[in-house]
Amino acid sequence: MLTPAAVAAPSAIIVRANPLAKLAAASLIAGLALSSTDWALGLTLLVIEAALLPLTGVRVGRFLWRIRYLAFAAFTVGVVNTVFATGGGGTVWFDAGPLHVTSSDVDNGLALALRVGAMAIPGVLALATTDPTDLADALIQQLRVSPRFAIGALAAFRMLPLLAGEWRLIAMARRARGVDAGWNPVRRLRLFASTMFALLVGAIRRATRLATAMDARGFDSGVPRTHARIRRMRGGDWVLLAATAVACLAVYVAVVVSR
Amino acid sequence: MSTLELRGFSWRHAGRAAHAVRDVTLRVEHGERVLLLGASGAGKSTLLAACAGLLAADSGEQDGEVLIDGADARTRRDRVGILFQDPETQLVMARSGDDVAFGLENRGVPTADIWPMVDKALSSVGFDYPLDHSTHALSGGEQQRLALAGVLAAEPEVLLLDEPTANLDPLGAAAVRDGLSRVLEGRDTTLILVEHRVGEVLPLVDRVVVLEPGGGIRADGTPQRVFAEHGASLAAQGVWVPEPWSSPPGPDPARPDGSSSGDTRLRAEKVGVRYPDAPRAALTDVDVELRDGGLLAVTGANGSGKSSLALVLGGLLAPTTGRVGVEGGPSARPPHRWRAPALARRIGSVFQDPEHQFVTSQVAEELALGPRAAGMSETDVEARVADLLEHLRLSHLARANPFTLSGGEARRLSVATALSCAPRILVLDEPTFGQDRRTWGELVDLIAGLRDSGHAIAVVTHDTDFTDALADRTLVMEGGRTC
Chain A
1 MLTPAAVAAP SAIIVRANPL AKLAAASLIA GLALSSTDWA LGLTLLVIEA
51 ALLPLTGVRV GRFLWRIRYL AFAAFTVGVV NTVFATGGGG TVWFDAGPLH
101 VTSSDVDNGL ALALRVGAMA IPGVLALATT DPTDLADALI QQLRVSPRFA
151 IGALAAFRML PLLAGEWRLI AMARRARGVD AGWNPVRRLR LFASTMFALL
201 VGAIRRATRL ATAMDARGFD SGVPRTHARI RRMRGGDWVL LAATAVACLA
251 VYVAVVVSR
Chain B
1 MSTLELRGFS WRHAGRAAHA VRDVTLRVEH GERVLLLGAS GAGKSTLLAA
51 CAGLLAADSG EQDGEVLIDG ADARTRRDRV GILFQDPETQ LVMARSGDDV
101 AFGLENRGVP TADIWPMVDK ALSSVGFDYP LDHSTHALSG GEQQRLALAG
151 VLAAEPEVLL LDEPTANLDP LGAAAVRDGL SRVLEGRDTT LILVEHRVGE
201 VLPLVDRVVV LEPGGGIRAD GTPQRVFAEH GASLAAQGVW VPEPWSSPPG
251 PDPARPDGSS SGDTRLRAEK VGVRYPDAPR AALTDVDVEL RDGGLLAVTG
301 ANGSGKSSLA LVLGGLLAPT TGRVGVEGGP SARPPHRWRA PALARRIGSV
351 FQDPEHQFVT SQVAEELALG PRAAGMSETD VEARVADLLE HLRLSHLARA
401 NPFTLSGGEA RRLSVATALS CAPRILVLDE PTFGQDRRTW GELVDLIAGL
451 RDSGHAIAVV THDTDFTDAL ADRTLVMEGG RTC
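Chains as they are written, first to last, in the numbering used here: chain A, 1 to 259; chain B, 1 to 483.
Treat the hints as calculated values from the structure; they're not laboratory data. Glycine included, every Cβ here is placed at the ideal spot set by N, Cα and C. No incorrect hints appear here.
Derived CB-CB ranges, DEER-like:
id, chain 1, residue 1, chain 2, residue 2, range
1, B, G407, A, A203, 16 to 22 Å
2, B, S181, A, I230, 35 to 41 Å
3, A, S221, B, G215, 30 to 36 Å
Stretches of chain B that chain A covers, calculated by requiring three or more beta carbons in the stretch to come under 8 Å of a beta carbon on chain A:
id, stretch
4, 108-118
5, 337-346
Work out the full structure, taking the sequences as your base and the hints as a guide.
Pasting the structure below:
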């Protein structure tokens, strides 16, 4: 099921940090990961990220489940760049027509796979430890994002789990009507399209009702909005950013410059 | 002080031929509590939206005026609060406190004042959870009370309620009415309430206004006077007129009582359901037997597993444990493994929301779908469709789009679709939910007829009048178990 809430333990310090500070720190790390194609950098970053995981309050199981697609993507990037890279030097390990794998191809593929992981994991962790409401608050108050957009998106996000349940119900209702596709791919596609249409009709109806209810509570009043909770950068947020910057610099010097 | 006045108000939604509201003149004084009645389609919801200033001038054609203290309602929206039917589409935020604060933020209330106002609104409706309690984790009745707190936080002088309990189970509805009476006590808020189930809300109001479907107002006065003079005609229109002005719906004495139920048609043994990721099983060790000519009522609070049981009995959901066997099935396999056409010929399911079941864009097509999938000849299909249309009084709508039907018509069509393949077993989820009295009576007659012609029927319902009228056995669910 889709859960719009953060998955971290609410007691973890990082959960209370400013969402924008967390995203900025994650971007710093991503930037560092992009700075070199050396596999040692990706590996170092991944090791550090793994070591810091307990501090985020995200349970290992939940974390691995969250990055399952990312892991697959990194793996694919690695394999494709190893197998289909052309013109790599070094020892030839495997040669069969168009497939030509050399030691430098493997080096290269491994580095790219590690880089994808090292780059994306900080972002995954930043979002996993951030409540969407807090992110919307910070976007509106600190980055001056339009409340119409940010709160609209937040409300829509809240509806997602409802749609997942709705999809199951509509699919079952179709079956109860004597409609199924069996193994026929064309009928499968048509059934999928008709289920999707019914889902959309319902979703639009819901969204209209929600929009009316929001406007009835003054969302479109044009009065400048106030905020129930003030979001700004606090001391701890600056410490987080500074610590990340220093750590990134240290890793850069130790791993990239020294080689 | 807030007086609400409609002067010759009419409204036609853009693109519609007929008026939604026609020629209504009405004055509601400050502090009056009005119950607004009328047949379905009489324009009650449109009228409330107009009073809330929510009908944008460019979204339709207006005659007359809607005034709050002499000014157009659209310019006085900050004085009006409106609560709608469906709690799911009123809550905006993920945390309860934030949701109440939402309306205050919109109106520019200073940050320091917001949380005290939130606390006050929440305690006024009797909402006991902490501010950061997830709005997803609330029951329907709790969600609706939270939505009411969100409306009240801005301290509206006029409160409009559009069927606030229609989507709730009896317990949730009672809690919301309780919250309402607490809120209204000691305040002089002007109130307009739309509600089908009149009896329960009568203590909240001191005036009843009845809209005439063709336009204008049919009756206006104290509840006693209006129901004494118009009770019978209102009941005929589908309004649930309370006692003593109308007799309660009860079992028709001419109807057999169903005690003549026969052989077992479907048997579910030790059935359990657990959804992936769910903290606990939805259903545990439930035994059910459906007999020919018998009607089993399944009751219990929301979340007690009733709907999951209906899906298992309907062959739509695979039980995680236990087994379901059907007399006369296409194979020894359980129903959830059957192909859809084979299933539809043996078990008909009627879902709570009729629109989930509609697949085509025409009422007649909708009824032809199942028989055609089952391989019936075209002449037989036509005869079956004509028969069903007539039996369920849908003939005049044969060419209409199912998604444009009224609540009662959509319900009749969804029952007709389940009957189209002539199954011997019927599973209905809340068939009478939210129906007006006239449709209710039709459904009771229809289902009684099906039972007496030998169908094996299971009905999931909160409706005790319905259970009293038709059920020969009742199964009470609690926490996924029978008790």
